[in-house]
Amino acid sequence: MNKKFLVPSLGSLGMRSGFCVINPTFAKLQAANSAALEQGAIKLRVQAVRSGAELKVADLLFNPEQSFLWSFDDEWGLLHEPPNVGDDLYVVEYVAASPSARAQAFMASDLEGQLFFAAPDQKWYATVINGFIPERSKGYRFAPIFHAGHYFVMDERFMTYICLVNYNAEQMGQGDDGNVMQFKLLTDAGDVLGSTKRQIRFNSTFLISVGDLLEEIGVDKTSTGHVSIHVRGGASQYAIYTVHRNLATGTIGIEHSLAPHYYTEAVMKPETRAVLYQKVFGGL
Amino acid sequence: MNTTIGMRELVGYSLVKAKSKALGIKKNIQTALPSLFGMPIRGSLVQFYRNDTLFDTVLSFTNYLSYFLPDEEIAIVYSVNVHDRHGKRVASGARRVGPRQTLQVKLSEFVSGVTDEFGLFCVDASYKPRYVQSAGFLGQTSPQFMTLFIPRDPAHGPQMIHSHKHFEYLPLLKSPNTRRSAVIEILDRLRQLDLFVLNSSPSRVHGSIELRSTENDELWSSSAFEIPGHGVTKISHEIKPGARPIPRAVSCVLSLDKAIHHRKPIIFRTAIDGIVTCNHS
Chain L
33 MNKKFLVPSL
43 GSLGMRSGFC
53 VINPTFAKLQ
63 AANSAALEQG
73 AIKLRVQAVR
83 SGAELKVADL
93 LFNPEQSFLW
103 SFDDEWGLLH
113 EPPNVGDDLY
123 VVEYVAASPS
133 ARAQAFMASD
143 LEGQLFFAAP
153 DQKWYATVIN
163 GFIPERSKGY
173 RFAPIFHAGH
183 YFVMDERFMT
193 YICLVNYNAE
203 QMGQGDDGNV
213 MQFKLLTDAG
223 DVLGSTKRQI
233 RFNSTFLISV
243 GDLLEEIGVD
253 KTSTGHVSIH
263 VRGGASQYAI
273 YTVHRNLATG
283 TIGIEHSLAP
293 HYYTEAVMKP
303 ETRAVLYQKV
313 FGGL
Chain B
-9 MNTTIGMREL
1 VGYSLVKAKS
11 KALGIKKNIQ
21 TALPSLFGMP
31 IRGSLVQFYR
41 NDTLFDTVLS
51 FTNYLSYFLP
61 DEEIAIVYSV
71 NVHDRHGKRV
81 ASGARRVGPR
91 QTLQVKLSEF
101 VSGVTDEFGL
111 FCVDASYKPR
121 YVQSAGFLGQ
131 TSPQFMTLFI
141 PRDPAHGPQM
151 IHSHKHFEYL
161 PLLKSPNTRR
171 SAVIEILDRL
181 RQLDLFVLNS
191 SPSRVHGSIE
201 LRSTENDELW
211 SSSAFEIPGH
221 GVTKISHEIK
231 PGARPIPRAV
241 SCVLSLDKAI
251 HHRKPIIFRT
261 AIDGIVTCNH
271 S
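Line by line, the protein sequences give chains L and B.
Take the position in the first sequence, starting the count at 1, then add 32; the result is the number in the working numbering.
Take the second sequence: its position 52, counting from 1, is numbered 42 in the working numbering, and each next residue is one higher.
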């Protein structure tokens, strides 16, 4: 099974994207029970996706001297393309030169990658580590997703953004279709402020600020205090990030969400999963 | 490479396995007898705090049962214990988070007595066993909180780290281990790296952090340390031209003499223009 590392674009915040992955051809990084892959056995492919369709593909080669491969978006063949409008998605995957069992075993293992978001002048960066996701086969039935954000920062200095990365290989280049996602906003006291729905285009980065969501439901962001947001819907592969931003300087902090099994064992058994989904997604 | 495993290390490794098994047994007992032993909730979870001139620590809690069980009115009690960098427990407190509610509060307001500039804290959640009929199908759940580092300097952005590592109560025997983080740091864009290593166990831990060039794996820096039980140590690197050439980027290799659960140092990096960002390694 191919695994992908999803690199969102924060182009609408003026940030550049980058990533770092381990080099499987570097001997010292190998796990104790597996040998390094020989030089040239594997490479890295970066697929740049814009407006839901493939824009460019770049292959990056591993140097066996180096323990990691890190790269920013100026190395992905995009220099002569129109500027990123903000919904770009960069899909990173290891590609084996030949179908060797060792390469396949490596690509099937638990893989992690590091995301970088740098200022345009590259003088500072924010970073976060996250896992690769498995690419689902054709016809796979995706479950809806649920995200509960309660850690937003919104005042005169800061704003928080929800970043939803929607990946669905089967839908690549198939038009403007996507998933409908419901955003329900609540006060700290648990009172519902309102809800709104947005379409999240397949194979794109969707970024929205808490302030914009409040505006969309007609609530004055200067008088609400903290809010929490329940996001429901989807049926696709999602990577979810929270981006905190300093409004004056543009500096950010970023963190990823955790998979649902961290929060309840109910998702791990079909009978309890069905009960959970009925309760969480009922009325959607 | 020849590896010699001594009897103490072997016993230590066995104890780590036994502790993992004990956590599973505890969960099974709680699942079977919640009225006696409480609902099965993962814990205690550990995280880092700093309360200094650069950042203040804010905790965000939510009532996660409200979105798993929207028709139930179940309150969650979150309790927090705070330790200073030397491992001494200095403060504790608890707050109720009602149905559908969220609580965002400074750590120093959640509990009083946080006087050290950094250290670790642990979080537990509980709710009443009488809800076992409606909530039992969830199995083991986990406290849901986030740690926010709110900058005091007007230039930085808020930083945030999730938690899923355990605060440990049982002492550990020796079980040497090494972990190479998948995180690198791009040194030619930084002027300082601050690494905070948490000791989630009650046992004193000895170890080292190596920073190795990603270009050729050459050692750039090695720092040995000793951390008291439930303590935190800070390792700082000023990145300025000197006798040693500075690699473009480094990876972090953490070696410890005990297999503590939290083995991901918290990194605060200061960029060449002074901006500070943070994540776990």
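In short, the hints are calculated from the structure, not lab data.
Since we're looking at a predicted model, the values are computed, not measured.
For each residue, glycine too, the CB sits at the ideal point set by N, CA and C.
Don't take every hint at face value.
Unchecked claim - Estimated spans, in silico, between C-beta atoms of each pair:
#	chain 1	residue 1	chain 2	residue 2	range
1	L	Leu111	B	Ala145	50 to 58 Å
2	B	Val95	L	Glu248	26 to 34 Å
3	L	Asn95	B	Glu63	54 to 62 Å
4	B	Ala145	L	Phe104	16 to 24 Å
5	B	Gly232	L	Pro96	39 to 47 Å
6	B	Ser102	L	Thr256	24 to 32 Å
7	L	Ala140	B	Glu205	26 to 34 Å
Said to hold, decoys possible - Over 10 Å on every C-beta distance to chain B, these chain L residues come out as not near it, computed from the model:
#	residue
8	Glu70
9	Glu86
10	Ala90
11	Asp91
12	Leu111
13	Pro114
14	Lys170
15	Phe174
16	Gly222
17	Asp223
18	Gly250
What the hints assert, rightly or not - To list a few chain L residues with every Cβ distance to chain B over 10 Å, as calculated:
#	residue
19	Ser44
20	Leu76
21	Lys88
22	Val89
23	Gln146
24	Thr159
25	Ala180
26	Arg189
27	Asp209
28	Thr254
29	His258
30	Thr283
31	Ser289
32	Val307
33	Leu308
Now for the hints, and whether the structure bears them out:
1. L/Leu111 / B/Ala145: 50 to 58 Å: Given range 50 to 58 Å: violated, Cβ gap about 30 Å.
2. B/Val95 / L/Glu248: 26 to 34 Å: 28 Å, holds
3. L/Asn95 / B/Glu63: 54 to 62 Å: 59 Å Cβ-Cβ, so the 54 to 62 Å window holds.
4. B/Ala145 / L/Phe104: 16 to 24 Å: Hint holds: Cβ distance 23 Å, inside 16 to 24 Å.
5. B/Gly232 / L/Pro96: 39 to 47 Å: 29 Å, violated
6. B/Ser102 / L/Thr256: 24 to 32 Å: 28 Å, holds
7. L/Ala140 / B/Glu205: 26 to 34 Å: With Cβ atoms ~28 Å apart, the hint holds.
8. Glu70: It holds; L/Glu70 is separated from chain B by about 18 Å at its closest Cβ, greater than 10 Å.
9. Glu86: The claim holds: L/Glu86 sits with its nearest Cβ about 27 Å from chain B, beyond 10 Å.
10. Ala90: L/Ala90 is indeed farther than 10 Å from all Cβ atoms of chain B, at 20 Å.
11. Asp91: Non-interface label on L/Asp91 holds, nearest chain B Cβ at 20 Å vs cutoff 10 Å.
12. Leu111: 21 Å, holds
13. Pro114: Non-interface label on L/Pro114 holds, nearest chain B Cβ at 27 Å vs cutoff 10 Å.
14. Lys170: 30 Å, holds
15. Phe174: About 20 Å separates L/Phe174 from the closest Cβ of chain B, which puts it past 10 Å; holds.
16. Gly222: Since the minimum Cβ distance to chain B is about 3 Å, L/Gly222 lies within 10 Å and the statement is violated.
17. Asp223: 8 Å, violated
18. Gly250: 21 Å, holds
19. Ser44: 16 Å, holds
20. Leu76: 15 Å, holds
21. Lys88: Its Cβ never comes within 10 Å of chain B, the nearest being 24 Å, so this holds.
22. Val89: 24 Å, holds
23. Gln146: 5 Å, violated
24. Thr159: 6 Å, violated
25. Ala180: Violated: least Cβ distance 5 Å, not greater than 10 Å.
26. Arg189: Incorrect as stated: the minimum Cβ-Cβ distance to chain B is 7 Å, not above 10 Å.
27. Asp209: Its Cβ never comes within 10 Å of chain B, the nearest being 28 Å, so this holds.
28. Thr254: 17 Å, holds
29. His258: Non-interface label on L/His258 violated, nearest chain B Cβ at 5 Å vs cutoff 10 Å.
30. Thr283: 4 Å, violated
31. Ser289: 8 Å, violated
32. Val307: Given a closest Cβ separation of 5 Å, the condition is violated.
33. Leu308: 6 Å, violated
Checked against the numbered hints above, the structure violates hints 1, 5, 16, 17, 23, 24, 25, 26, 29, 30, 31, 32 and 33; every other hint is satisfied.
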